[in-house]
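Starting from the structure of chain A, add chains B, C and D where the hints point.
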Amino acid sequence: MKTLTVRYFAAFRERAGTDAETLEVDVESARDVFELTRDRHGSEDPAGHCKVAINDEMADWSQTVEDGDTILLFPPVAGG
Amino acid sequence: MKTLTVRYFAAFRERAGTDAETLEVDVESARDVFELTRDRHGSEDPAGHCKVAINDEMADWSQTVEDGDTILLFPPVAGG
Amino acid sequence: MSMQMTSTTIDTTALRESMADPAAGGFCVFEGWVRNENDNSDVERLEYEAYEPLCIKEGEAIIAEAVEKFGVRGAVCVHRSGLLEIGDCAVWVGTASGHRDEAFRACRYIIDEVKVRLPIWKKEHYVSGATEWVSCVRCAKHAVPDSLKSA
Amino acid sequence: MSMQMTSTTIDTTALRESMADPAAGGFCVFEGWVRNENDNSDVERLEYEAYEPLCIKEGEAIIAEAVEKFGVRGAVCVHRSGLLEIGDCAVWVGTASGHRDEAFRACRYIIDEVKVRLPIWKKEHYVSGATEWVSCVRCAKHAVPDSLKSA
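If you're matching them up, the sequences are chains A, B, C and D in order. So for the first sequence, the numbering used here puts the first residue at 1; every next one is plus one. So for the second sequence, the numbering used here puts the first residue at 1; every next one is plus one. So for the third sequence, the numbering used here puts the first residue at 1; every next one is plus one. So for the fourth sequence, the numbering used here puts the first residue at 1; every next one is plus one.
Worth flagging that the hints you see were computed from the coordinates, not collected in a lab. Just so it is clear, CB atoms sit at the ideal spot from N, CA and C, and this is done for glycine as well. Any given hint could be a false lead.
To be verified - Listed below are several chain D residues computed to face chain B (Cβ distance under 7 Å; list not exhaustive):
#1 G87
#2 V91
#3 V114
#4 K115
#5 K122
#6 V127
#7 W133
Stated by the list, open to error - Taking CB as the label site, the calculated pair distances span:
#8 S41(C) to L83(D): 49 to 57 Å
#9 T8(C) to S128(D): 45 to 53 Å
#10 E21(B) to D42(D): 32 to 40 Å
#11 T6(D) to D45(B): 23 to 31 Å
#12 E44(B) to A14(D): 26 to 34 Å
#13 S18(C) to L23(A): 42 to 50 Å
To be verified - Now the stretches of chain B that chain D is said to cover, found in silico as 3 or more residues with beta-carbon under 8 Å:
#14 18 to 26
#15 43 to 56
#16 63 to 75
Here chain A stands alone, though its shape is the one from the complex (with noise of 0.2 Å):
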């Protein structure tokens, strides 16, 4: 088991009623974190229209998550 936080923003924030809780979970990918938390961000997109930084990374969504990580979950980016 690994103890991860996980950071929600924007939209999946609102959906989440949280903008951040810590989680004890069997996973191996960040990944892995996005599809378990996919009741909790309400996501109807594919983890490849959103991003993911691991510990203020930004990150690939097949890297590995390690026992004490901040995984944080974007939904698809809108600046400019």
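Chains B, C and D alone, transformed into the frame defined by chain A:
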């Protein structure tokens, strides 16, 4: 014979030592005027590198000049 | 070279002055303004949410890429967060270089990348009273380029 | 839409404000600045001579072409004449449109055409004391496009 006013600009004006003069000449085209005044404006450029306007309209070198026209001889431009 | 985030009005005059450079002959600016309409809905105002630490990091990376690719002498990007009204400047990009071609290309590169790579989200507040998070699917397709992956 | 000539400092802040448009989402500016160097000669100042009646006429034609080609909502160009110091703004082009692509393309089109079509000449005053009319052969090759011929 046609009576033409010829105006010189920038390097042409400096070399001619005047910004305008009236000529009584037997010419057909704007190009003829350019060639005829070559020793005045001192251009080593072919006409194609320069521009000409007739009566404040940009013109083609092959355009016919009429009695009373004002011919504006422009050295290569360098705006911006 | 810098990426800046601000929750107050972007001072475009001061930004322009900050880029003065006696060896620069070309200066290009792009500004994104809040429009009164999007997808046929009348917009009253916008709200930008940004995750600033990564906006700065990604923005600096984009600017460094633009300098590397186009050899510009200076490049700055400032993005707003918070509530914006119609006509407000949401993003400002300025590039200065010896000649115009590099300035234009670098400016375009920076705004294009900023729009798809910075963790910024836009909520539109419509005249009708409704609100909506804008999802830019075209942008999302751009996803995470290899250059950004931390692996 | 307008082409303007001025013999005094270009007020870039006022020009930007003059282009405000609630339906515009993209605003692009290009400025040409006087550089301290050209072809390896140290430049002290520049002198622009312009034949204003045709600068205005040609500039308005170029702006109309940009509007036609790219559908921008607003486009303005201002060019200096007279004596300019290093760092001075010699030319300002601003374009506003719904989206950024048209704004960038129209801005680039206008400055490219202005440089080759307007009857403006530049005399460089070098630090050495010498002066020279700048001849832009590449520009001259562009010559007079068909669209400009009065015939």
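V91(D) as an interface hint toward chain B, with CB separation required under 7 Å: 5 Å, holds
query: Does the CB of K115(D) sit less than 7 Å away from some CB of chain B?
result: 4 Å, holds
message: So, as I understand it, the hint says G87(D) touches chain B; can you test that by seeing if any CB pair is closer than 7 Å?
response: 16 Å, violated
- request: Could you tell me whether the CB distance from E21(B) to D42(D) stays inside 32 to 40 Å?
  value: 37 Å, holds
- prompt: Count the residues of the stretch 63 to 75 of chain B with a beta-carbon closer than 8 Å to any beta-carbon of chain D: does the count reach three?
  reply: holds (count 4)
field: CB-CB spacing for L83(D) and S41(C) relative to the 49 to 57 Å hint
entry: For L83(D) against S41(C), whose Cβ atoms are near 52 Å apart, the range 49 to 57 Å holds.
Interface hint compliance - K122(D) to chain B, C-beta minimum distance less than 7 Å: Where the cut-off is 7 Å and the nearest Cβ of chain B is about 4 Å from K122(D), the hint holds.
- prompt: Does the interface hint hold: is V114(D) within less than 7 Å of chain B, judged Cβ to Cβ?
  reply: 6 Å, holds
task: Examine the stretch 43 to 56 of chain B for residues whose CB is less than 8 Å from any CB of chain D, and state whether their number is three or more.
output: Held - the stretch 43 to 56 of chain B has 8 residues with a Cβ nearer than 8 Å to chain D, which meets the minimum of three.
- request: Note whether the CB distance of T6(D) and D45(B) lies within 23 to 31 Å or breaks it.
  value: Hint holds: Cβ distance 29 Å, inside 23 to 31 Å.
message: Quick check on the hint: W133(D) CB to chain B CB, less than 7 Å?
response: 4 Å, holds
- request: For E44(B) and A14(D), compare the CB-CB distance with the range 26 to 34 Å and indicate the outcome.
  value: For E44(B) and A14(D) the Cβ distance comes to about 43 Å; the hint is violated.
Checked against the numbered hints given earlier, this structure breaks hints 1, 6, 12, 14; the rest are met.
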